[in-house]
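J.: For what it's worth, my numbering labels the leading residue of the sequence shown as 3, then goes sequentially.
Calculated directly from the structure, the hints in this document are not laboratory data. Glycine residues also receive a C-beta, built at the ideal position from the N, C-alpha and C atoms. You may find that some hints are simply not true.
What the hints assert, rightly or not - With beta-carbon atoms standing in for the labels, derived distance ranges:
#1 L155 - G78: 15 to 23 Å
#2 G133 - V80: 32 to 40 Å
#3 G78 - E140: 33 to 41 Å
#4 P136 - N30: 31 to 39 Å
#5 G102 - A37: 19 to 27 Å
#6 V132 - S45: 29 to 37 Å
#7 E29 - D85: 15 to 23 Å
#8 T38 - E140: 35 to 43 Å
#9 P138 - E43: 34 to 42 Å
#10 T38 - G156: 33 to 41 Å
#11 D36 - R59: 17 to 25 Å
Unchecked claim - Below, a list of computed lysine-lysine pairs in the DSS-like style, where the Cα atoms sit at most 27 Å apart:
#12 K69 - K52
#13 K87 - K69
#14 K69 - K157
#15 K87 - K52
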Amino acid sequence: MRTTRLLACSLLLLAGSAWADIWMADENAIHKLDATATQVELSLVSTRPKTLAVDPRDGAIWILTEKRIARRSRVGEVQFDIDLKTLGLESADLLAVDPGDGSAWIGDGKGLGKGDGKHFLRLDAGGRAVGALPSPGEPRALSIALDGSIWILGK
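With these hints in hand, go ahead and build the complete structure from the sequences.
T.: If you want it as structure tokens, here you go:
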């Protein structure tokens, strides 16, 4: 019997709304569940998603796989889908969305980017690289606070 591995689940509660979007992923797809009916509302094909993050401004989902970063609208429309190599990255494991402007930071602890150590790369909501940050130590988790400050958990 084949077991489906749950990779990530992201919950978005929209202000002033009586419903929530719940996104989860397995090895082959990303699924949006209707929290009020507990049914799959939308399934999107995605090869081995590693991390999901939701833009709280519009409900769009950021999808990080071993080799790609993508953003889909809350109804599944592709906004962009980029090979990490075009951003100068071999791979990435960490993803966090800035709730203020919808940009995302991606990175890992394996020496991303310019060849001079570990980095986090900032992408705007259109998928353009707009900044980079050297990573202290070996990062294990990444989060963006409501005030835009970046929190990095290391070993």
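J.: Checking against the hints above, which ones are violated?
T.: 1 and 2
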